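K.L.:
Turn these sequences into a full structure, and let the hints steer you where they fit.
Taken in sequence, the protein lines are chains V and Z.
Residue 251 in my numbering sits at position 251 of the first sequence; the count goes up by one each step and never skips.
Residue 34 in my numbering sits at position 34 of the second sequence; the count goes up by one each step and never skips.
In short, the hints are calculated from the structure, not lab data.
Hints are not guaranteed to be accurate.
Claimed, not checked - With a Cα cut of at most 25 Å, we get these calculated DMTMM-like pairs of lysine to aspartate or glutamate:
#: 1; chain 1: V; residue 1: K208; chain 2: Z; residue 2: E192
#: 2; chain 1: V; residue 1: K170; chain 2: V; residue 2: E216
#: 3; chain 1: V; residue 1: K336; chain 2: V; residue 2: E290
#: 4; chain 1: V; residue 1: K147; chain 2: Z; residue 2: E283
#: 5; chain 1: V; residue 1: K336; chain 2: V; residue 2: E286
#: 6; chain 1: V; residue 1: K215; chain 2: Z; residue 2: E192
#: 7; chain 1: V; residue 1: K114; chain 2: V; residue 2: D184
#: 8; chain 1: Z; residue 1: K147; chain 2: V; residue 2: E283
#: 9; chain 1: V; residue 1: K147; chain 2: Z; residue 2: D14
#: 10; chain 1: Z; residue 1: K170; chain 2: Z; residue 2: D184
#: 11; chain 1: V; residue 1: K114; chain 2: V; residue 2: D90
#: 12; chain 1: V; residue 1: K85; chain 2: V; residue 2: D116
#: 13; chain 1: Z; residue 1: K208; chain 2: V; residue 2: D206
#: 14; chain 1: Z; residue 1: K208; chain 2: V; residue 2: D56
#: 15; chain 1: Z; residue 1: K147; chain 2: V; residue 2: E286
#: 16; chain 1: V; residue 1: K142; chain 2: Z; residue 2: E283
#: 17; chain 1: V; residue 1: K208; chain 2: V; residue 2: D184
#: 18; chain 1: Z; residue 1: K142; chain 2: V; residue 2: E283
#: 19; chain 1: Z; residue 1: K328; chain 2: Z; residue 2: D105
#: 20; chain 1: Z; residue 1: K328; chain 2: Z; residue 2: D116
#: 21; chain 1: Z; residue 1: K215; chain 2: V; residue 2: D56
#: 22; chain 1: V; residue 1: K187; chain 2: V; residue 2: E216
#: 23; chain 1: V; residue 1: K208; chain 2: Z; residue 2: D56
Said to hold, decoys possible - Pairwise CB distance ranges, derived in the manner of DEER restraints:
#: 24; chain 1: Z; residue 1: P205; chain 2: V; residue 2: P183; range: 23 to 33 Å
#: 25; chain 1: Z; residue 1: Q108; chain 2: V; residue 2: G182; range: 50 to 60 Å
#: 26; chain 1: Z; residue 1: A31; chain 2: V; residue 2: A212; range: 48 to 58 Å
From a predicted model like this one, the values you see are computed outputs, not experimental measurements.
Idealized CB from N, CA, C, for every residue including glycine.
2 protein chains.
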Amino acid sequence: MPTNKQIHLDNRPDGEAVAGNFKLVTAETPALKDNQVLVRHHYMSLDPYMRGRMNDSKSYAQPQPLGQVMQGGTAGEVVESKHPKYAVGDKVVGFGGWQEYSVVDASQPGALKKVDTTQVPLSHYLGAVGMPGVTAWYGLVKIIAPKAGETMVVTAASGAVGSAFGALAKARGCRVVGIAGGPDKCKYVTDELGFDACIDYRQHPDAKSMSAALKEACPNGIDGYFENVGGYIFDAVLLRANAFSRVALCGMIAGYDGQPLPLANPALILINRMKIEGFIVSEHMEVWPEALAELGALVATGKLRPRESVAQGIEAAPEAFLGLLKGKNFGKQLVKLI
Amino acid sequence: MPTNKQIHLDNRPDGEAVAGNFKLVTAETPALKDNQVLVRHHYMSLDPYMRGRMNDSKSYAQPQPLGQVMQGGTAGEVVESKHPKYAVGDKVVGFGGWQEYSVVDASQPGALKKVDTTQVPLSHYLGAVGMPGVTAWYGLVKIIAPKAGETMVVTAASGAVGSAFGALAKARGCRVVGIAGGPDKCKYVTDELGFDACIDYRQHPDAKSMSAALKEACPNGIDGYFENVGGYIFDAVLLRANAFSRVALCGMIAGYDGQPLPLANPALILINRMKIEGFIVSEHMEVWPEALAELGALVATGKLRPRESVAQGIEAAPEAFLGLLKGKNFGKQLVKLI
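P.N.:
Okay, here's the thing in structure tokens:
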């Protein structure tokens, strides 16, 4: 059996996450039992939600256990199989974690999914045509429920969720305004992703300035907002929200390090008769087939051209992850392992 | 025509509202034109939303104009009619404002409504069987959508909205916990209104203490919350909110004077996958008939026994209103004019 390099969570962050929270471990992969499959990971997904799980606090998911492989999505190839439905060479996505190989009980529902890489590259199944894409789809379609002509705003617009959100909202006839960090990301958001406008938050570091930028970018106000970040941008959006606007609350990345992150003026939710709803896409598995079908078609037809930041080798995963939390990635952050 | 005493808004509050913002004016009532009705007001309704309209700021309703009669709900009797459907002696509710008489164009839809006072006293049409009752009904039924066995929490529990909310939630098999100010109100909420528990916020003046009291009163957590007040109680409720809990946001009375009223930890909306929705009952006229039918039946059968604070004479209206904003009323605040 092959040697398997893994990244474990060694200790929990005290405030900001640091490289020393992680530990590289080399393990042997055990021999397969009946119904098990050995998957060699080609790509590991790095996602902001992982930072939340590094804390030992009440949340929607159990904390990441200490001394165990960091959990996360993976895409790879079957290299050995004792399950009748999986053959060597099958391309699969699963939840194999931060390691080079995983042993999966393929009889467990949802543990492993075969994917077709003829029109969609394997890595996109961790991004636009995977969990981040479905996250955008759920927030837009099920919570915001946009009408053609309405104005949608999304933070982290160049990322995996934001870029999918933009394509899905454009397909529904909306005006789409992104918020991203730096001129390169903003240029990509408008020129390649086709957003109507993009605001560089680095040029607007407080709610007042951001609110003014939103006023210019959203002359008819904001009808739908997809929240990935939290903090002053949320405050600024509330100041420009229309009556009966909707907010899909998916991430509060700005608060992961434990600092307080208040909402300045919740009375605006009443004044504007808004709806704000938090959600976790893994609790809505019933929408995945419909969402993935639309997302796959958008990618296959070139209407959604996701960008990726790819770190090489498992040793690079912690730094790439810490960079993601600071917005250093450009598009979906992956680690390539082969 | 009779002499008509009125209360006008003379100037806008700078911070807290004061008696000097109002002015007593004596006017003549004009002669009736075709389709007009002269109503003598028996009761004027005083409601917290009126404070919001005294400000000259963006909100869901136009600000109360300066130098004009304070707007508000009224219940009274037709004393002269030039409309074929209204006769002298008819009991009616309308939006006559802070004055002794109003001239109403009864052909305008919704301007005037005849009511039956055989089973429900006239004054209750301004409370439990009126706008406050329907407000409770909409928040509970349309936003919170409770299931039997769930736990509901409401602030200002002894008031017109809170007491109706409790009766409606009990009728749906919920555990209902009120929050009110002082032992007398709390005793009324549990003993006469039939709530399962009531928390005296004066004994719990910060989020930490209130959160501990809520933990005790809500051993299974909070599934639905009707927000009338805002501020630290909302923060405390979020700390005890269950996954998939719902908040109907109806009032933020604590913020009417313009001081900032932040929400300490909005990330809990995501962590608990909550839904928060603001609403104004006057925008949902389609539910009024169904809601009023249920509320009327609850009052007629004694399952909802609303309490009233009644000030006497129009001159008493400003002080009664300022007291309402400070929670000095006990139950629905009215002014009796005859």
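K.L.:
Which of the stated hints cannot be reconciled with the structure, identified by number in ascending sequence?
P.N.:
1, 3, 5, 6, 7, 9, 13, 19, 20 and 24
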